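2 protein chains.
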Amino acid sequence: MGNSGFSHQSLPFLSVQKLLKEQNIDGLLVRSTDRYFNEYVPVHLSARAYVTGFDGSVGDAIITQTGAHLFVDGRYTLQAKKQAQGFEIHVSDNGQSIENSWLKELGHLLSANKSLAYDPQTLDLNLFEKLNDQITRLNARLDPKGEDLINQFFPPKKDDVAAKTTQIDNKLAGATTAQKLNALKAQLAKDGINAFLAVKLDDIAWLTNLRSYYFPFQASIPGLAIVFADKVYFGLKPGINIDEASLPQEVVLVKEQELIPYVADKMGQSLGVLGIDAGETSKAQEIALHQHKIALKRVANPISAMKAIKNEQELRHLRSAFKKADQVVYQTQNFVVENFEKGRAITETDVDRYVRENFKKSGSTELSFRPICASGKNGAIIHYGTPDNQQTIQENSLFLLDTGAYYDGGYATDLTRTFFAAKKSGEAALWQKQMFTLVLKSSIAGLSARIRKGSVGMQLDAIVRAPLWQHNLDFAHGTGHGIGINVHEFPPRIGPTSSTPLKEGQVFSIEPGLYFENLGGVRIENLATLVEDKENPNFLRVLPLTFSPIDNRLVDYAMLDDFEQQFLDYCDEEFKSDRPWPNLPPNPPKPSFI
Amino acid sequence: MGNSGFSHQSLPFLSVQKLLKEQNIDGLLVRSTDRYFNEYVPVHLSARAYVTGFDGSVGDAIITQTGAHLFVDGRYTLQAKKQAQGFEIHVSDNGQSIENSWLKELGHLLSANKSLAYDPQTLDLNLFEKLNDQITRLNARLDPKGEDLINQFFPPKKDDVAAKTTQIDNKLAGATTAQKLNALKAQLAKDGINAFLAVKLDDIAWLTNLRSYYFPFQASIPGLAIVFADKVYFGLKPGINIDEASLPQEVVLVKEQELIPYVADKMGQSLGVLGIDAGETSKAQEIALHQHKIALKRVANPISAMKAIKNEQELRHLRSAFKKADQVVYQTQNFVVENFEKGRAITETDVDRYVRENFKKSGSTELSFRPICASGKNGAIIHYGTPDNQQTIQENSLFLLDTGAYYDGGYATDLTRTFFAAKKSGEAALWQKQMFTLVLKSSIAGLSARIRKGSVGMQLDAIVRAPLWQHNLDFAHGTGHGIGINVHEFPPRIGPTSSTPLKEGQVFSIEPGLYFENLGGVRIENLATLVEDKENPNFLRVLPLTFSPIDNRLVDYAMLDDFEQQFLDYCDEEFKSDRPWPNLPPNPPKPSFI
Chain A
1 MGNSGFSHQS
11 LPFLSVQKLL
21 KEQNIDGLLV
31 RSTDRYFNEY
41 VPVHLSARAY
51 VTGFDGSVGD
61 AIITQTGAHL
71 FVDGRYTLQA
81 KKQAQGFEIH
91 VSDNGQSIEN
101 SWLKELGHLL
111 SANKSLAYDP
121 QTLDLNLFEK
131 LNDQITRLNA
141 RLDPKGEDLI
151 NQFFPPKKDD
161 VAAKTTQIDN
171 KLAGATTAQK
181 LNALKAQLAK
191 DGINAFLAVK
201 LDDIAWLTNL
211 RSYYFPFQAS
221 IPGLAIVFAD
231 KVYFGLKPGI
241 NIDEASLPQE
251 VVLVKEQELI
261 PYVADKMGQS
271 LGVLGIDAGE
281 TSKAQEIALH
291 QHKIALKRVA
301 NPISAMKAIK
311 NEQELRHLRS
321 AFKKADQVVY
331 QTQNFVVENF
341 EKGRAITETD
351 VDRYVRENFK
361 KSGSTELSFR
371 PICASGKNGA
381 IIHYGTPDNQ
391 QTIQENSLFL
401 LDTGAYYDGG
411 YATDLTRTFF
421 AAKKSGEAAL
431 WQKQMFTLVL
441 KSSIAGLSAR
451 IRKGSVGMQL
461 DAIVRAPLWQ
471 HNLDFAHGTG
481 HGIGINVHEF
491 PPRIGPTSST
501 PLKEGQVFSI
511 EPGLYFENLG
521 GVRIENLATL
531 VEDKENPNFL
541 RVLPLTFSPI
551 DNRLVDYAML
561 DDFEQQFLDY
571 CDEEFKSDRP
581 WPNLPPNPPK
591 PSFI
Chain B
1 MGNSGFSHQS
11 LPFLSVQKLL
21 KEQNIDGLLV
31 RSTDRYFNEY
41 VPVHLSARAY
51 VTGFDGSVGD
61 AIITQTGAHL
71 FVDGRYTLQA
81 KKQAQGFEIH
91 VSDNGQSIEN
101 SWLKELGHLL
111 SANKSLAYDP
121 QTLDLNLFEK
131 LNDQITRLNA
141 RLDPKGEDLI
151 NQFFPPKKDD
161 VAAKTTQIDN
171 KLAGATTAQK
181 LNALKAQLAK
191 DGINAFLAVK
201 LDDIAWLTNL
211 RSYYFPFQAS
221 IPGLAIVFAD
231 KVYFGLKPGI
241 NIDEASLPQE
251 VVLVKEQELI
261 PYVADKMGQS
271 LGVLGIDAGE
281 TSKAQEIALH
291 QHKIALKRVA
301 NPISAMKAIK
311 NEQELRHLRS
321 AFKKADQVVY
331 QTQNFVVENF
341 EKGRAITETD
351 VDRYVRENFK
361 KSGSTELSFR
371 PICASGKNGA
381 IIHYGTPDNQ
391 QTIQENSLFL
401 LDTGAYYDGG
411 YATDLTRTFF
421 AAKKSGEAAL
431 WQKQMFTLVL
441 KSSIAGLSAR
451 IRKGSVGMQL
461 DAIVRAPLWQ
471 HNLDFAHGTG
481 HGIGINVHEF
491 PPRIGPTSST
501 PLKEGQVFSI
511 EPGLYFENLG
521 GVRIENLATL
531 VEDKENPNFL
541 RVLPLTFSPI
551 DNRLVDYAML
561 DDFEQQFLDY
571 CDEEFKSDRP
581 WPNLPPNPPK
591 PSFI
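Chains as they are written, first to last, in this note's numbering: chain A, 1 to 594; chain B, 1 to 594.
No wet-lab data here; the hints were simulated from the structure. Worth double-checking, as some hints may not be accurate.
If several chains are the same, the list does not tell them apart, and a pair holds so long as it fits within one copy or across any two.
No more than 25 Å apart at the CA atoms, straight line, and that leaves these computed lysine to any residue pairs for SDA-like [as the list claims (entries may be wrong)]:
id: 1; residue 1: K157; residue 2: P42
id: 2; residue 1: K453; residue 2: T500
id: 3; residue 1: K590; residue 2: Y557
id: 4; residue 1: K21; residue 2: A300
id: 5; residue 1: K534; residue 2: G74
id: 6; residue 1: K360; residue 2: R316
id: 7; residue 1: K297; residue 2: E129
Keep in mind the model is a prediction, meaning the values are calculated, not measured.
Please build the complete structure, drawing on both the sequences and the hints.
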């Protein structure tokens with residue numbers, strides 16, 4: 001670790017190092033995810049947050065007898081450095097995942113011939129196999145007792161959340177469980193499997209049309225399911241009650257820990273082959289399935305691809321939820337400006353409180369993630385976690401607001417606006433306008449794009465980044481993610497290495513940004529879908545679904561061309577419109593010969 | 001085939017069908033490539049050209065007892081329809097290879113339980129295995145006697161080409177065989193192999209620094225090589241003589257057919273493991289290697305990636321060759337205009353002759369491909385093969401000229417200009433200007449691009465296509481190919497599915513186009529390299545290497561922005577300059593805050 005002068009005796013990782021020495025284990029992997037592979041694990045349930053002090057959503061730690069290492073992506077560079085005291089911070093750059101980053105570093109972290117402890121519940125099979133290969137190469141060995149070790153310094157918390165579970169209206173879901181299973185049937189047959197192990201909680205929520213807010217920022221219900229063409233065996237996390245009368249008749253409830261034995265017993269020889277997705281199934285689950293002699297076949301998750309393509313009702317419901325969120329964000333932008341008008345000093349925390357209240361007023365049931373309320377230089381911390389209640393927002397600074405919520409349908413919204421924290425008449429500095437307008441150009445490039453059918457995420461990604469790349473500028477996060485029951489749903493994924501196909505009916509974000517530690521950050525995030533181009537069915541075009549106004553005071557109009565200006569006019573018009581579904585964006589000036 | 005009314009009894013494929021019936025074989029695959037996997041097989045040596053009548057460079061045929069099918073890509077749609085009489089033409093669209101296209105169709109072409117004959121010399125292992133899988137799925141079987149069958153209707157030609165073989169000056173090659181082997185050594189060790197089977201002729205030419213013009217449009221020498229870290233065993237095609245005194249001392253000459261037994265005998269047990277690239281090694285070669293009990297390991301070709309990155313001397317030599325070709329193309333453009341000025345009617349053939357003569361005058365040793373001289377609607381035939389000596393070029397039409405040649409270093413050039421066939425004072429129609437200017441915008445997007453290090457072909461491809469995609473326009477060929485000893489060298493590949501990394505020092509084309517059957521075609525092709533961005537080492541920027549003037553009369557200046565205009569000025573200046581190495585292109589207007 002090299003921090004020889006370091007002496008915070010109270011930091012939790014020091015006691016983990018002691019534990020490792022006592023047990024003669026070289027290192028311990030503490031991942032940020034849980035056994036549900038949740039992206040957002042509540043901080044009070046997160047061993048990784050406890051042991052590192054870093055409370056960002058994503059980041060894995062490896063603690064060795066003599067070192068402490070935290071692996072994060074570009075979003076969290078600054079936050080990790082601030083929070084994870086005593087840790088060496090490893091930032092994986094653009095193309096590389098956090099996991100690949102620690103896999104690559106393992107050789108430097110472990111002494112040879114020693115062991116790395118891991119928790120089989122938090123490693124999917126693909127990752128486990130990569131880890132195993134790497135450990136073998138290093139002549140080290142893997143020790144599955146990570147869970148025990150973690151429990152010693154971070155005992156499992158008592159679970160007393162009383163989550164209400166509801167079934168969403170079919171008018172919003174657009175398809176019943178029976179209809180979804182019916183659509184799935186052909187894919188199961190094609191994959192040569194009789195059932196599929198559904199690990200992703202949003203998959204189970206989608207299939208059952210059930211929602212709860214058991215976990216913060218998530219509309220799904222913790223558990224595990226085995227999905228047949230005519231039945232869903234849903235193993236619920238203990239302590240969660242569902243009114244069985246409201247269940248779709250295809251759904252059979254079981255206790256989570258009993259699901260695998262129950263299905264194995266019940267189905268006996270006739271279970272046939274169970275499909276598992278090696279990128280989602282944990283090593284622990286595979287071990288349990290093997291113990292119950294269930295025949296496995298590795299397949300690509302057949303549910304996520306179906307779930308990603310929203311049906312008509314879902315699209316209309318999403319648009320109506322996005323409209324509400326557009327208003328909340330716009331009001332918050334105005335709230336900040338009005339406070340400057342009235343000469344009232346406010347803090348990031350005041351904005352955070354205002355946003356939360358306003359989402360409630362707008363009818364939202366829960367936030368879809370912790371709001372990012374970042375003023376001035378804090379905007380450069382890409383996923384700025386905790387608003388500052390001490391420092392007042394400086395007049396004439398940039399303010400980055402990234403928020404989202406759930407409404408009655410249990411689908412998430414997500415929107416980022418960067419605005420000028422100043423009086424109405426405030427004049428932004430040239431650098432603020434230029435930085436904002438560059439990001440705006442990148443955003444318009446994406447929101448007005450046409451792509452050839454069959455294109456994948458990295459192609460749209462290149463179109464969005466090109467206006468920034470021209471000036472050798474870039475942002476260290478993806479361009480976009482799918483959204484639905486979770487705020488981050490995949491597919492699709494729009495990033496420099498995303499090979500997932502983009503398809504009509506997918507709903508995703510386009511969120512370019514620019515971040516400078518010494519200046520602050522600008523991000524503009526919108527949600528959009530893809531529709532077939534009526535003039536040429538070989539093409540898809542992006543249809544924006546969010547129109548919360550951008551702050552005109554931050555636009556350097558001289559940097560925009562006529563088409564970009566027209567595009568902004570279109571957004572203004574859509575924001576003001578009552579239409580339940582937006583019009584198509586304008587076309588760039590078309591040569592007459594076509 | 002469905003052509004029930006068809007009755008050209010003299011067409012060669014009819015006698016192939018007869019042969020198939022006699023031998024009770026359902027179908028025969030006739031590929032366009034030869035045992036060297038050459039892209040350009042001379043028409044007089046091409047069984048596929050003979051049997052189909054189609055003389056384009058790439059296209060595979062499958063003839064069955066009752067059908068005749070030709071598979072081509074978008075470049076050859078029109079030409080194939082014109083030439084391959086009696087054949088059903090299958091055009092593989094953008095993302096799909098010709099091979100995948102016939103693999104997919106096999107089920108429709110073959111009767112069940114019948115056999116497909118193939119020539120093991122013209123199928124690489126990857127393709128063979130895909131074919132084998134597909135045949136198994138169809139309950140059909142593969143028959144390796146394709147070569148025999150082909151020999152029956154297209155007997156092997158007598159080979160009496162007297163090719164002169166020369167060693168190129170080390171000042172041009174920039175590295176000796178010894179130096180190249182030395183650089184290769186580490187990669188062989190890393191791959192865990194003792195030697196590599198070099199199948200690609202351009203790889204062998206690069207490694208040995210030898211060139212010949214045995215095949216038209218190619219500077220390499222036919223044969224096969226086994227490359228050790230200190231020695232190259234080069235199995236020469238019979239009939240080719242090399243002055244052994246001029247050979248690098250690391251190169252040992254053997255007869256082609258004796259190479260595998262020679263190396264196996266000579267090396268005995270100590271051969272160790274021979275690396276083969278399954279995408280380049282033929283089924284026939286694998287069989288021969290197995291017969292001689294040589295231990296094989298599949299690896300990625302370690303030579304091509306090294307060869308793709310040009311060294312300083314190669315880059316300077318390439319640039320000097322490109323400069324000569326720039327002049328030849330410019331003179332040809334002027335030649336056409338001058339003939340209109342003088343009121344002289346000329347044909348495509350006249351232009352073809354002029355180009356060929358002018359390349360010779362400029363010092364070229366050979367053409368690097370058959371020139372494409374396409375006037376008017378012929379320009380829509382993407383690889384228009386044979387110039388028309390009958391019809392005069394219409395005044396005020398578009399003329400598409402795509403040509404290249406070899407100079408003393410044995411490296412290819414390649415350049416396309418579309419110009420206005422008219423008097424100097426001729427005024428192009430609006431549609432001609434608009435079509436040309438759209439392609440020009442796409443070209444400038446590529447030639448002025450910056451890309452993040454680590455980017456791959458499809459990312460640059462998206463940047464080039466975006467200005468066309470905006471109007472739902474596209475071109476049915478790749479955006480770019482590497483160039484070197486062959487005019488088409490891979491890596492790199494710039495296309496909608498290219499995942500090959502783009503690297504500093506690679507040299508490649510950027511060649512967007514637009515093609516309308518009823519109007520004609522525009523293509524603008526330039527060559528370029530990548531250099532590190534001095535302002536930000538995380539980026540590479542494109543550096544153009546060809547500057548032959550575009551035809552100003554075809555530019556709709558109202559469609560260009562200031563930066564695009566500046567870029568054109570830069571190209572003009574570079575064309576006029578004496579500098580051996582071009583300056584960097586201009587930057588788009590840079591916001592002052594950066």
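Status of the hints after comparison with the structure:
1. When the C-alpha separation of K157 and P42 is checked against a cutoff of 25 Å, the pair qualifies only within one copy, where the shortest distance is 11 Å, while the shortest distance between copies is 76 Å.
2. Proximity of K453 and T500 under a CA criterion of 25 Å is satisfied in both settings, with 12 Å inside one chain copy and 21 Å between copies.
3. When the C-alpha separation of K590 and Y557 is checked against a cutoff of 25 Å, the pair qualifies both within a copy, at 22 Å, and between copies, at 15 Å.
4. With identical chains, the CA atoms of K21 and A300 are never at most 25 Å apart, being 41 Å at best within one copy and 44 Å at best between copies.
5. Taking the closest pair of Cα atoms, K534 and G74 come within 25 Å of each other only across two copies (23 Å); inside a single copy the shortest separation is 39 Å, beyond that limit.
6. In this homomeric assembly, K360 and R316 come within 25 Å of each other (Cα to Cα) only inside a single copy, at 21 Å, whereas the closest approach across copies is 67 Å.
7. When the C-alpha separation of K297 and E129 is checked against a cutoff of 25 Å, the pair qualifies both within a copy, at 16 Å, and between copies, at 23 Å.
The structure shown violates just one earlier hint, number 4.
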